[in-house]
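Undergrad: Protein chains in written order, with my numbering: chain Y, 207 to 594; chain S, 207 to 594.
Which copy is meant is left open, so a pair is good if it fits within one copy or across any two.
Quick list of in silico lysine-lysine cross-link-like pairs, DSBU-like style, CA-CA up to 35 Å:
#1 K541 <-> K581
#2 K306 <-> K342
#3 K494 <-> K518
#4 K291 <-> K342
#5 K299 <-> K248
What the hints contain is simulated information worked out from the structure, not anything from laboratory work. Since the structure is predicted, the reported quantities are computational estimates derived from the model, not experimental observations.
There are 2 protein chains.
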Amino acid sequence: MNDKELFTQNRLFCPGPTPVPDQILTAMSDTSMYHRSDEFYKISRECSAMLAPLFGSKNLPIMLTSSGSGGLEAAVVNLTAPGDKVVVVNGGKFGERWEKLNRGYGCEVSVLNLSWGQSPKASDLLDLIQKQGQTKALFLQANETSTGAYYRIETLVPEIRKNFKGLIIVDCISSLCAHEMRMDDWEIDAVVAGSQKGFGLPPGLAFISLSDRAWGNLSARPRFYFDLARERKGQAEGRSAWTPASTLTLGLHAALKMMNESGLNELYKHHDRMARASRAFAKAIQLKLYCPESPSNSLTTMCMPDGVDGSKVVKELRRRYQAFFAGGQDQLKGKVIRYSHLGFVSVFDLINGLSALEFVLADNGHSFDFGAGVKAAMVELRRNTARP
Amino acid sequence: MNDKELFTQNRLFCPGPTPVPDQILTAMSDTSMYHRSDEFYKISRECSAMLAPLFGSKNLPIMLTSSGSGGLEAAVVNLTAPGDKVVVVNGGKFGERWEKLNRGYGCEVSVLNLSWGQSPKASDLLDLIQKQGQTKALFLQANETSTGAYYRIETLVPEIRKNFKGLIIVDCISSLCAHEMRMDDWEIDAVVAGSQKGFGLPPGLAFISLSDRAWGNLSARPRFYFDLARERKGQAEGRSAWTPASTLTLGLHAALKMMNESGLNELYKHHDRMARASRAFAKAIQLKLYCPESPSNSLTTMCMPDGVDGSKVVKELRRRYQAFFAGGQDQLKGKVIRYSHLGFVSVFDLINGLSALEFVLADNGHSFDFGAGVKAAMVELRRNTARP
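Could you put together the complete structure from these sequences and hints?
TA: In structure tokens form, the structure reads like this:
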């Protein structure tokens, strides 16, 4: 038997890029759309308007042609100035990126270093902020993609807000669409997201939304390509400052329409259900969760049992099933695998991926009741499915 | 008669985005390609290798996920430091952009202001450089897209090089693929290009190639997303620092393969032939060229006769024929139209566009021998076509 027959094309189960549905692919095929035309301006305006509720803000997010890291840079260069004191949560590769960005741009950085897999505590952050004094901004993730920890922004940020009036800037690149974001209600000043995550698009667009307060307090420092004030000038008409990635914008429009049709509440429930099923799978075949206390709804990070090499599992999943899971990075290399259910991943896609994982684990020294994982996932999915 | 029937979809005759051939569209449809996979690394490496000859350099260009303006920013932030003395040629909107970028990033800028449509003279530039003293870098366009002037880099730069040893940085966003670039031979230190121009791709990628000297003298200033040294680290393996616009990269690979099949000399000859035909068209129906002395091979800028409103012509071309020409900007608004023949535009596409233009001019107060323009273009095209 040629295992590859099971799948006829690559299947993406990594935390971005996520699968692109045909409707979006088709929308992106309209390459003759001119970006300086009334037709395109209308699409841009509709994109901004449809994006805003995902950020939970009355303000329109800015769309940037860049990777998510470009969006993170936009937050730093528009909201901080050299010498500003900032606090950064570092609980993995992306917390590390906030730290590097802020240091690179001359901020004075205090870091809350977490053991990987942990989530920050409000009290630790407030202590650090008090110790630093005159903290201008706090930078953190909603979802630390390298560990799969979700930082429970909905309770963490309001807790911090009781004693911190500075800017709060949240990297939601891998959480938006999977976890609800209500930046206005929670008094968050900037939220960054990226196209190739919850939006089911290829990479190339980043989104950033600012609070009124952030818009009113843009910092003084040189910036050009990521100058948000410049982008905001033409936003009401749908004009971007620079040439936008027009085909990706057309895809975004299609993606947002699909999300709107199901409704955002359904979207969050869907991701919650997918994550619960993945956790049930792991439990049923004796894989420990890497972040049991606060696992993400975007991806599930599973520890490899002793004697099973996670890097080899990831490689074999690719080779035998064209299934692209993510492995562990740095200290987690070989020790975990990260399974993503972010974006346009259906219940049956999920079962496909988990099934492939069982095949590979069974052949790589893990001893378990073969099939029990998928069974448990199916039971969990059915429990959370509306019955006709 | 419904004029719109002539064309069944938008036709792009503006200087970017340019038409995307089906082969490229198909290549971009492989959305399940993972950007951290051997397959994608190979494609990235092949893209860099195929790009290099277009820049005329032994060095590999860096691919950035951004608009062309992001590439311009990369040149400025990697090669200048605050306080550096630079000279900028400003002969239109894009020269203006070099000026704004350099001023925004704290350089001391001397500007050679040209009347729009003019090309810079080496002697004027050398005078300015001598007057400024200790000029670190000279920034100019190869092709000023807003006017359609080509700055004859192949003679201008070697002339300047006789008396200037500083950095020479050329925006080739709208010239690459249409005009030959030999940055090593001409001792150019940085060349910037963009995907939606000569490469026949949608917007979203920028390219920048540096000379050995530039790589060896990167400036000290904060940068992150556009940090070229960071991008260069993984380049030999095909790894980008940030998540690349993967579908556009697949399209780029297809575009470069197509160019290689015809050969780069054929590519430059094609653009030269298209430009000659467009100029013959203009002459035959009494439209003056805006830059008669040094017109670009990427686009032809034609002056509107007295009494003909160029803005209205551009609008009608869109409404009646879905043909997207570019109008004049700022002081040229209404006075010129810009007709692009850059990228994957065939002889017959060219005739389509010129034909549409004759229809609209005839209905907007220009009196000429209807059909004579296309006839002249056809004669010129045949003159420069290999006979079987």
